[in-house]
Structures are given as structure tokens and as C-alpha cells.
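Asker: The residues making up each chain are set out below.
There are 4 protein chains.
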Amino acid sequence: MKHSRLIDALNNCAAHCNYCADACLDEGDIKMMVDCIRTDRTCAEICSATANLLASNYSDVRGMVEQCRDICKKCADVCEKHDHKHCQECADACRKCAEACEDFLS
Amino acid sequence: MKHSRLIDALNNCAAHCNYCADACLDEGDIKMMVDCIRTDRTCAEICSATANLLASNYSDVRGMVEQCRDICKKCADVCEKHDHKHCQECADACRKCAEACEDFLS
Amino acid sequence: MKHSRLIDALNNCAAHCNYCADACLDEGDIKMMVDCIRTDRTCAEICSATANLLASNYSDVRGMVEQCRDICKKCADVCEKHDHKHCQECADACRKCAEACEDFLS
Amino acid sequence: MKHSRLIDALNNCAAHCNYCADACLDEGDIKMMVDCIRTDRTCAEICSATANLLASNYSDVRGMVEQCRDICKKCADVCEKHDHKHCQECADACRKCAEACEDFLS
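Residue numbers (the working numbering), protein chains in the order written: chain A, 411 to 516; chain B, 411 to 516; chain C, 411 to 516; chain D, 411 to 516.
Rather than coming from a laboratory, the hints here were simulated on the basis of the structure.
Take these hints with a grain of salt, some might be off.
It does not matter which identical chain is used: a pair holds within one copy or between any two.
To be verified - Think about it this way: if two alpha-carbon atoms lie no more than 27 Å apart in a straight line, the pair counts; the simulated DSSO-like pairs of lysine-lysine are:
| id | residue 1 | residue 2 |
| --- | --- | --- |
| 1 | Lys484 | Lys441 |
| 2 | Lys495 | Lys483 |
| 3 | Lys412 | Lys441 |
Isolated chain A (complex conformation) (with noise of 0.2 Å):
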């Protein structure tokens, strides 16, 4: 199957942000944690998406992967700003997913 790695890093990545948006409201610092899971639910969104349409053969998916890289980006910077285990290991699989669509687009 083509793509599968990047296909992998995206689906991986939506799950850990699936799942940090979750255990971040069993947090007792709930408020802090806001944007986090805001954040969060964005990215696994366009992260899941774009990893249905990497299966396919339609020509030009650069578009989404550009905003794969800028969202995984941005919520691995919200992550790694709260110590919980869930956030840390959240922004270490969008950072990894981010050099993953880095590969892609270059």
C-alpha cells in the first residue's frame, strides 16, 4: 500500500489526539487544559481525513498535508507545555507526524 508510512504517522497521530483531548478532562486543571484539547480535536480531524485520502489515487492531496504539517506543528507546541503523560506523548506523535509530511511534500 502506498503512502503507508505517512498514512501510519497520521493515524497514529489523530489517535494520541483523540485520546489527550479525553484524559485532559479527567485533569484536575480542566481550564488550563482548554486549548489543548481544542487543539487537539483539530488536528486529529484533519489528520484522519487526510489519511483516508492518502489511500486513494486522486492526484493532488499537497494541499492537505501542508495542513496536516502546520496543525501538527502547532498542537505539538500546546502539548509539550503541560507535563501530563497523554500531552507529552501527544506532541511527540505530532512532531513526528509533521517530519513525516515534511518527507511527503519534499
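With chain A fixed as given, assemble chains B, C and D onto it according to the hints.
Answerer: Relative to chain A, chains B, C and D alone:
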């Protein structure tokens, strides 16, 4: 609910694209419809994800709305070449969605 | 387009659930809203996927429409306990969607 | 991250289904592949939505995992009838996903 006009246009566009992509499979000239099916599916995925994002207060959705506008225009161009009722109706839904994206962006 | 009433009800329900889940994050009593946010997100995901499926001629969608009906009822029960406008409107969209699912199934 | 084995199996299954549905469009015997394309697309949509749900702490996901198990079995049955490499690999991904669903449910 904010952005409800654009969300409705995106969901209507995605529904028509999913329906058109599937209905093309039952046409006799299916080999002629492959480009239409692929563009429909791409458009449906991007519009559906963006509809989900617009319901959130995440600050930066312009990039995704631009992606929607662009794929809606392309999908309308591809669909309107075919006389099938589902293609003509899909082209119409795509044009209306592209306009709603433009209104949002301007 | 076939099943358009149910598809519209599912997309309307998903949009309200996504909006309510996000708007809850801006409420002062956010800890009280966690159950509402989780149920909203689950309902949005199931209804959005089912709206995409109904556009296709795949023969067996009853199981997914039953899942929608069940989560819409649960989500309406959770949302209607809260006085926030987004919760009340979401409960209403969920009830209407549950009814549209019942009509489809009967 | 909890449920990571099932989430990975669901995302892998969805990616193969999306890829197979698209690759079928480039086959010479495309009319023979219509049932495969439709089942692929249905399976991809249900598995992708369920992967997103499993990342959350929402209590009741058994119904959706049962839906995944059932459509994965059906999709494997349809795909394995075809000799195309994408169909055989998709059938394998569907069987593994159905097993991961069974393990989760038992």
C-alpha cells in the same frame, strides 16, 4: 449555532459527493466515471472534516475552508461534464458550497 | 438523493453535538460538563459516519442506524439536564435524529 | 494509550479498505468489483469512526465494536474472492481486525 450556513453547505456537499460516487458505480459507462468517483470522494472527505471543525471555537480554520473551496470547484467541474442526474445535482451542491466558502473567507 | 431526511437529521445532530462539546469547554462549571462532552463527541462520530454510509447503496445499514438511535437518546438525556442554550438545542437535535432513525427502521 | 492494539487494527483495516476501494477503480474488470468497492467503503467508515471513539473514555463502545467485527468479516469474505493483490491484502487486514474486535469483546 455559529457558521451554520457554511456547515449546512459542507454537509450537503459531502452527502451529494458520497451519493454521486456510489451511484456512478451503477452506471453502464463506469470506466468514464472513475475521475468523478475519485474527486467526489476527496471532496466528501475534506468537506465533512471541515464541517466538524467549524463547530469548534478553534481559531484558525481558514486553511481548511480554502481547501474546501478549491476541491468543491474542481469537483463541480468534473461532475458537470456528465449528464447523470446525480452528477448534475452534485455539481450544483459543490458550486453552492464553494460560494459559501468564499463568503466565509471574505 | 435517497434517505435525505435521515442524512439531514444525522448531520444536524452531529453539528450540534460537536458545537455543544466545544461550547461546554467555555462554561464556568466545566467539571459538571465532562459527561456531556464525552457523550456529545461519541454521538457526533457515530452520526457523522452513518450519514456517509447512507449515501451509498450498501445493503445493510440497519445496525448502524440502531447505534445512532441509541446514542442519540442517551445524548439527549445527558444534554437536557443542563440549562445552557447549546445543551438544550443539542438535546432537541438528538431527539429529532432518534425519531428519524426510528422512522427509517420501522 | 489504552486499546492501542484494537485502534491500530481498526486504522490498518480502514486504510486497506480505502486503498482497495480506490485501486479497484483501475482494474479492467471494474463491474465485477462494485460489491467489493461498496463493502470496502462501508468497512472503512465504520472502523475509522470506532478507532476515534476508542480513544475516549466514553463507557459504552461494545455496540460499535460489534458493528466493526461484523462488517470486517463480510468485507474479508467479499475481498478474498478476488485475486488482486489489494483485495487479498485487504481481506487479511479485515480478518485481523475482526479478531482484534473479538478479543476486545470477550
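Asker: With reference to the structure, classify each hint as holding or not holding.
Answerer: Quick rundown of the hints versus the structure:
Proximity of Lys484 and Lys441 under a CA criterion of 27 Å is satisfied in both settings, with 19 Å inside one chain copy and 26 Å between copies. For a Cα distance limit of 27 Å, the shortest separation of Lys495 from Lys483 inside one copy, 18 Å, qualifies, whereas the shortest one across copies, 34 Å, does not. In the homo-oligomer, the alpha carbons of Lys412 and Lys441 lie at most 27 Å apart only across protomers (23 Å), although the nearest pairing inside one protomer, at 42 Å, exceeds that limit.
Violated hints are absent here; each numbered hint is respected by the structure.
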